[in-house]
Amino acid sequence: MLTDVIEFRIDRRSGVSTYVQIIQQVKQAMRLGLLNPGDRLPSAREVVEATAINPNTVLKAYRELERDGLAQGRRGLGTFVTKSLSSEATTGDDAPLRQELSGWMDRAQQSGLVVEDVDALYVAVRDEHYPAEERS
Amino acid sequence: MNSLTATAVGKRYRARWAVRDCGFAIPEGKVVALVGPNGAGKSTLLRMAAGLSRPTTGELKVFGTPVQGRIHPDVAFLAQERPLYHDLTVRELVRLCAAMNDRWSTERVREVLGLQAGVDHNAKVGSLSGGGRTQVAIALALGRLPRLLLLDEPLADLDPLARDETLRIIMTEVADRGTTVVMSSHLLSDLHEVCDHILLIDEGRVQVDGDIQEVLARHRILVGPAAGESTVEGTLISATRTERQSTLLLREAEPAPRGWASTEPDLESLVMGYLRASRERRNSAQHK
Amino acid sequence: MIWASWRQQRLQLITLLGLLVVGVGAIALLRSSMLDSITSSQLTACVTQPLQDCAVPEAAKAFQEEWSNPLDMARLLIICVPALIGVFIGAPLFARELEQGTYVLAFTQSVSRTRWMLSKLVIALVPALVVLIALQYLVTWWLSAAGTLGPLKNGAFTALNFGIAHASPVGYALFAFALGTFLGVVSRRTLVAMTAGLGAFVVVRFALSGLVNSLVPTQRVEGTPDRQLTVHEDGSLVLADGYLDTAGQPVPEDEVNALIQACKTTPAGAGTPESQQEFLACLPKSGLAKQYADVIGESQAWQVHLADVAIFGGLAVLLLAGTAWVLRRQN
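Protein chains in written order, with UniProt numbering: chain C, 1 to 136; chain B, 1 to 288; chain A, 1 to 331.
Keep in mind the hints are simulated off the structure, nothing from the lab. Keep in mind that this is a model prediction, so the values were computed, not measured. All C-beta atoms in this analysis are idealised placements derived from N, C-alpha and C, irrespective of residue type, glycine included. Be aware that one or more of the hints could be misleading.
Said to hold, decoys possible - Residues on chain B that point at chain C, a partial pick, calculated with CB under 7 Å:
no.: 1; residue: ARG168
no.: 2; residue: GLU193
no.: 3; residue: VAL194
Make a model of the complete structure from these sequences and hints.
Below, the structure written as structure tokens:
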């Protein structure tokens with residue numbers, strides 16, 4: 001029996017549809033190295049037992065991941081991660097980019113920025129570098 | 001194959017049409033939200049699909065077989081009134097239903113009842129709370145091992161915890177057996193998280209029918225200057241207007257003209273738009 | 001399905017069983033106590049002979065005073081049980097399902113409506129009939145022990161004796177039961193079905209009680225006008241009687257009265273034996289040649305019972321067909 005690697009948290013108030021939330025959470029876990037090639041995604045039944053959402057939605061999200069080439073369904077076994085989204089730059093607490101960002105946060109904190117200021121700055125800078133239409 | 005189809009179905013009670021000219025097809029494996037205001041004809045439609053009442057016009061088919069005066073063997077029905085024999089214990093009621101069915105799984109009923117907190121098998125059905133009775137009734141419906149599960153207001157008298165338990169049981173059923181589920185509610189919020197297909201009816205007529213994502217993708221909410229409404233192209237469903245601004249719900253809209261903001265509606269605003277339109281039609285019909 | 005129907009009618013079935021047990025016990029006790037009383041009063045011989053031949057008329061009278069009430073109660077019980085079956089078993093059978101909406105549960109299981117209905121009918125009706133027949137047998141057993149000292153001396157055609165004999169009680173019970181179920185599915189209210197069922201049963205039961213006699217062929221008994229016909233005494237059912245003229249045609253009643261009146265006013269003067277003889281001799285002379293009576297003999301009583309069962313049983317079948325029709329159309 002494979003143990004569950006991740007558990008989905010469905011936010012019913014977010015306005016983001018359930019299947020998009022599942023896709024986002026799988027990708028997030030892959031980026032952070034929590035899900036690696038060969039890992040099995042929780043079965044629809046496991047997700048349903050944990051969150052009372054529609055299993056068709058889970059399957060639809062998995063099909064979307066398959067279309068993106070990130071996962072593959074194997075008949076009777078489940079859906080498995082086939083690709084790695086994690087990189088040196090994002091995995092682990094000692095990744096260089098993460099450390100640089102951490103240093104930046106320290107300086108922001110010292111200069112008295114509150115969390116809303118930090119978020120606003122981050123979003124503004126992010127949008128300069130990654131214009132909206134390029135993001136998926 | 002479609003699990004449930006309706007062709008020009010109408011039901012008249014004396015002078016009033018409870019359901020009129022309803023046509024839809026529900027593909028197998030869908031979880032359908034049958035929504036509409038109170039008195040829209042949801043219960044009438046479900047009772048006809050369960051073979052409890054005959055349509056005045058048209059025909060309903062379950063897995064390709066016309067429904068004629070009795071329930072299809074692959075259908076289980078949860079009635080809104082939760083009719084159960086109150087003087088029997090839960091255990092006796094389960095045995096009674098077992099005796100009345102050719103295909104039956106007492107194990108499945110026990111399993112479902114086991115997932116629900118606080119249903120004592122030796123308690124008289126009449127001594128259970130409204131929620132408890134609903135849970136027993138759902139367990140009995142699942143005992144028939146249905147391929148199509150018709151649930152009339154399944155969540156109406158459940159507290160939040162029981163609601164979550166119940167949805168979990170129904171969704172597990174879908175995951176395990178690929179059961180098609182049609183759930184009615186007058187509260188969209190009860191259902192829209194778990195359903196992938198919507199059947200909106202009002203005044204006994206189908207207003208919206210389809211896969212929720214597809215339905216949403218076909219619609220647009222456009223917000224723009226009140227003066228520029230004529231530049232917008234598409235089928236107008238409903239509109240709210242202030243002196244300067246118009247908010248329009250459109251089907252098959254063309255790209256928004258300059259000065260208009262276009263977004264995909266969420267299910268809530270889509271349903272509200274259709275119900276508002278239906279009410280306006282009704283009011284204008286009455287004023288004539 | 002049998003368990004299901006049994007479980008749902010447990011209360012009625014247990015009540016029926018209780019009624020049977022109490023009935024058996026009570027009747028057996030009463031009967032043996034009555035037999036003791038017959039022996040101790042030296043009435044044994046009077047049980048089989050007409051009362052006027054009884055050697056101890058005083059004791060016979062005392063016995064009748066003591067036992068006529070209990071025996072009448074037993075007869076009334078058999079008269080009432082069909083009505084009770086209709087009210088407490090027939091009427092609630094489907095009315096309660098319709099009233100409480102539980103028929104929806106039954107109609108959404110795989111058992112067909114017809115089978116569901118039949119199994120309920122059978123489980124409700126058969127035990128009720130068995131208990132009724134058992135009680136009827138017991139009461140008859142008790143009554144026959146009293147013989148001519150008891151109500152049987154009044155003949156098979158008196159209302160109480162007729163109503164508890166042969167297959168008639170079963171016919172009434174079938175009718176009462178079917179009437180109850182039919183009113184139940186039509187009214188969809190248990191209480192309405194029970195009360196209306198009782199009322200309708202009583203009305204129909206008495207309204208039709210005369211009809212049955214006209215369905216069985218009668219025999220014409222004739223005799224001379226000077227002696228009363230024996231059929232008036234032997235327990236036969238007399239449906240018509242009067243006088244025939246010389247051509248053998250019945251004489252209309254007012255004419256008979258006028259002729260009798262004319263014969264009474266003969267010159268010999270009233271009250272004397274001569275006047276009585278003269279009166280009797282006058283009758284044939286004035287055209288009242290013979291007396292006649294159209295009768296059904298006591299030995300033909302079974303035919304009347306069969307006609308009775310046919311009428312009430314036929315009505316029951318119609319009502320049950322109506323019940324089935326209404327239930328199948330239920331929506």
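Taking the hints in turn, this is what the structure says about them:
no., hint, in the structure
1, ARG168, "holds, 4 Å"
2, GLU193, "holds, 5 Å"
3, VAL194, "holds, 5 Å"
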